[in-house]
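A.B. asks: Chains as they are written, first to last, in my numbering: chain U, 1 to 333; chain L, 1001 to 1333.
A portion of the hints provided could be inaccurate.
One-sided excerpt, in silico: chain U residues whose CB lies under 8 angstroms from chain L [unchecked claim]:
#, residue
1, Gly50
2, Met194
3, Leu195
4, Gln199
5, Ala311
6, Asp321
7, Gln325
8, Pro327
Away from chain L, derived, C-beta distances all over 12 angstroms, residues of chain U [unchecked claim]:
#, residue
9, Leu3
10, Thr69
11, Glu258
Since the hints were derived computationally from the structure, they do not count as laboratory data.
Note that the coordinates shown come from a computational prediction; the quantities given were computed from them, not determined experimentally.
Note that CB positions come from ideal geometry on N, CA and C, so glycine has one too.
Number of protein chains: 2
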Amino acid sequence: MNLPTFDDVLDAAKRIEGKVQKTPVVESSLLNKWLGHRILFKAECLQTVGAFKLRGAVNVLAKHAQEGTLPKRVVANSSGNHAQAVACAAALYNIPVTIFAADSISAIKAAATQSYGAELRRFDTRTEADKAVKAAAQETDTLWIPPFNDPDVIAGQGTVALEAIEETGPVDAVFAPCGGGGLLSGTFLTTRAMLPDAQVIGAEPANANDAAMSLQSGVIESLPGPAQTLADGAATPSVGEYTFAFLQQLDDFYEVDEIQIAYWTQWLQHLLKLHVEPTCAMSMAAVAAWAVENETPKTALVMLSGGNISASSMQKIWQQDYLLQPPMIGPQE
Amino acid sequence: MNLPTFDDVLDAAKRIEGKVQKTPVVESSLLNKWLGHRILFKAECLQTVGAFKLRGAVNVLAKHAQEGTLPKRVVANSSGNHAQAVACAAALYNIPVTIFAADSISAIKAAATQSYGAELRRFDTRTEADKAVKAAAQETDTLWIPPFNDPDVIAGQGTVALEAIEETGPVDAVFAPCGGGGLLSGTFLTTRAMLPDAQVIGAEPANANDAAMSLQSGVIESLPGPAQTLADGAATPSVGEYTFAFLQQLDDFYEVDEIQIAYWTQWLQHLLKLHVEPTCAMSMAAVAAWAVENETPKTALVMLSGGNISASSMQKIWQQDYLLQPPMIGPQE
């Protein structure tokens, strides 16, 4: 197993330049005041397709284009944002694409995927979709772009932290959410290379805590069934060998409950005026816990993964009114 | 009555520079494809205090500072965004401030106003708050910053269009929402001076259609009672003499129903990944109607007024799922 290196991230950045957006870094003075730390947010919700996922998918195809090995057909399996990313990336290279998804894919992500011209095949479970994509990938001239467990995908996602740190300069800690671990692995890789002293911290839903279980046992564990979490971007059943190798080097890892996910989604939407999806809120919940553990003022960088939210998720996020409660900055229980 | 001129807008821009944010202009390629026109959005939801209102309030105080006539106390009446704007502007000049508001002020706007150090006085109705602020304004060394019916406030709001058009270059039409008419008047004034051939078009809630009634009758009409509309930023009971003088010169004016307001709030949040308030959606509904009336591809510029939304409003906005229906681009009934 050849793990991607920071040089791969730098190559990816050159390759995808002009094909993906440079997204802004934003902050809230009110939030900084409340937490006593400076929190910078890399707004990948403003990326094309509304998520960082485009970077990895474009890097894979751009590398094939460089090497003269572009396929005749692209396939991918995804719970949502990766589907859109692969559909959009394949459209950039005029390659037909089929997406294999579980029926639980949010309607809005399904519609967006199809709007890029992709064929969408639905399966009862994610596991069935994953099996079907592997079969399809065996066909001639067909390229499977995996959602996270791939060196080129990880290197592509690492360009989020690269771009952010080039803009912010040194920070004390970098936070990213964990689904399959692609963004978190790329963030770890890049941060360690650029800022060796900065902590790199992950977060996942307590209701989909396969990564936390895996880190505890030392082997990759899978969720027993479909995860019930607002953070649909992090409901992946298990991480992969590539991403697990990076996850095992993290400085800290938080499990976030559903109330905190809804709470911080509301506050991030309100304070940043960005339509951030619940997966972003997990990192912020981790920041809030980290903030009280650090007495001297520090600077944190948070990866906002995306902004694709179904109406039914918006209803769940806003069911309670959390805006009248001051931010929870105590450590998580 | 001395109406503000474009020179006043240029002066305001110089005065408020560095005290307010330069906000981005954004667009959605998907929306452009659907409508067959290019729609550019000036994202004043990303302005400090989450609304364009800061520009007018800062312009008033900055002009007093220039002239050496800063007051010892500032007072203002507002349904929300103006309250925060005046509170924030007064804090910039270290002047104590009291806000007079109707009890219907959204809790989140009230909390934000107080977070800038303002005293908040609540009244049963907006009319009572308006009376009380006029009494308070009679006290010595007290300055009332009106929410819209003031030449310096209008000139300040005109800097939104100035900044946007400097960035976009020529456009065919400019859209702004109408509450008291400050943003719309400033937008009209600036657009006419910079782009004499561009249409300037307003929009207000059908449920708070005092401006439309006034334009029809030729005199300023008032709403009979509190308006029931999601677009709380446009629930103002009547426009003023200054703003009416500009409104009468508009090229077109739309009344937007509550379903369209919710519909376009959802779609703007989803497509732009910005937390835009329902008042922004009215302009977009007007654009959709305008779009079908214009067969050749045109470019429109839309003023996104703000992004301060209570949890209860978010619940109402997302009650139905409008994301599965294609955008309504037919003319309004």
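A.B. asks: It remains to establish, for every hint, whether it holds in the given structure.
C.D. replies: For each hint, the structure was consulted:
no.: 1; hint: Gly50; result: 6 angstroms, holds
no.: 2; hint: Met194; result: 27 angstroms, violated
no.: 3; hint: Leu195; result: 28 angstroms, violated
no.: 4; hint: Gln199; result: 28 angstroms, violated
no.: 5; hint: Ala311; result: 4 angstroms, holds
no.: 6; hint: Asp321; result: 4 angstroms, holds
no.: 7; hint: Gln325; result: 10 angstroms, violated
no.: 8; hint: Pro327; result: 12 angstroms, violated
no.: 9; hint: Leu3; result: 32 angstroms, holds
no.: 10; hint: Thr69; result: 29 angstroms, holds
no.: 11; hint: Glu258; result: 17 angstroms, holds
This entry does not satisfy hints 2, 3, 4, 7, 8, going by the numbered hints stated previously.
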